[in-house]
Amino acid sequence: MNKKRLGLRQVKLLFVKLVLSLFLLSVAWVLLYRWVAPPATLHMLQRRAEAGAADKEDPYINYTFVSLEEMSDQLPLAVVASEDQLFLQHHGFDFDAIMDAFQRNRKGGNIRGGSTISQQVAKNVFLWHGRSYLRKAVEAYFTFLIEVLWGKERIIEVYLNIAEMGDGVFGVEAASQKYFKKPAKDVGRQQAALLAAVLPNPIKFSVSNPSGYTRTRRSRIARAMGRLGGTTYIKDILPEKDDEKK
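Sequence positions in the sequence shown follow our numbering and run 1 to 246.
Treat the hints with care, since some could be wrong.
Claimed, not checked - Computed cross-link-like contacts, EDC-like style, restricted to lysine to aspartate or glutamate with a CA-CA straight-line distance of at most 20 angstroms:
| # | residue 1 | residue 2 |
| --- | --- | --- |
| 1 | K152 | E69 |
| 2 | K185 | E50 |
| 3 | K235 | D96 |
| 4 | K152 | E70 |
| 5 | K56 | D186 |
| 6 | K152 | E240 |
| 7 | K181 | D167 |
| 8 | K235 | D167 |
| 9 | K235 | D100 |
| 10 | K178 | D96 |
| 11 | K182 | E69 |
| 12 | K152 | D100 |
| 13 | K185 | E240 |
| 14 | K182 | E83 |
| 15 | K136 | D55 |
| 16 | K185 | E69 |
| 17 | K136 | D96 |
| 18 | K185 | E147 |
| 19 | K181 | D100 |
| 20 | K235 | E83 |
| 21 | K178 | D167 |
| 22 | K235 | E70 |
| 23 | K204 | E69 |
| 24 | K204 | E50 |
| 25 | K204 | E147 |
| 26 | K152 | E83 |
These are computed hints drawn from the structure, not numbers from a lab. A quick note: this is a predicted structure, and the numbers were derived from the prediction, not measured.
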């Protein structure tokens, strides 16, 4: 009997050590990416593998990480207006949007998500794509961690760098160079809105050859950017300009 109790106690101790180790590793991972640009994401690696398997002419991933200072202010405004207008108010989760998506999905039709920008970053940087309850639970955990350890400015910076904006094109710098022949810092409102317009499905929707639906969506996003008050709406997450530091 004592041997059984000892064995059970050892199993419990091993489990606690495992959980604690995973927790510390996850915190260290998140803290590392607080200052270091992610070299790649699982989604990028998956897209690279798919391109190689399909024998594409150019199977490589186009990805260049740049800071918020190297982006036009119109870019974070566009994705906030398009993807998550309450980004600055919530703490990682928009429960009204989640419930709305849940109710819509119960009625059938196209599956809709209620993910915030923070949740999308947690999913794309740290996790695999899928629809299991386990993945959603881990996504919620990493969302909480980046909200606490990164803050909004870093979250939006990483999002704008790892979001896929075309077939194998990741981030606003790579997209701006490819589609507009200019760096991300020189992108205007309409171009920023167009990049945001393809985010729901960057393989189906094209920046270089936008469909009528994409152009309509771009116009709606551009109007939303104006209704929000322009870049003043996101001033709390914008980096200070050089003239403001003097």
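Do the hints match the structure? See the list:
no., hint, verdict
1, K152 / E69, "15 angstroms, holds"
2, K185 / E50, "31 angstroms, violated"
3, K235 / D96, "25 angstroms, violated"
4, K152 / E70, "17 angstroms, holds"
5, K56 / D186, "31 angstroms, violated"
6, K152 / E240, "15 angstroms, holds"
7, K181 / D167, "17 angstroms, holds"
8, K235 / D167, "31 angstroms, violated"
9, K235 / D100, "29 angstroms, violated"
10, K178 / D96, "37 angstroms, violated"
11, K182 / E69, "15 angstroms, holds"
12, K152 / D100, "24 angstroms, violated"
13, K185 / E240, "14 angstroms, holds"
14, K182 / E83, "24 angstroms, violated"
15, K136 / D55, "33 angstroms, violated"
16, K185 / E69, "8 angstroms, holds"
17, K136 / D96, "17 angstroms, holds"
18, K185 / E147, "26 angstroms, violated"
19, K181 / D100, "39 angstroms, violated"
20, K235 / E83, "17 angstroms, holds"
21, K178 / D167, "11 angstroms, holds"
22, K235 / E70, "16 angstroms, holds"
23, K204 / E69, "30 angstroms, violated"
24, K204 / E50, "16 angstroms, holds"
25, K204 / E147, "31 angstroms, violated"
26, K152 / E83, "15 angstroms, holds"
In this structure, the earlier hints numbered 2, 3, 5, 8, 9, 10, 12, 14, 15, 18, 19, 23, 25 are contradicted, and the remaining ones agree with it.
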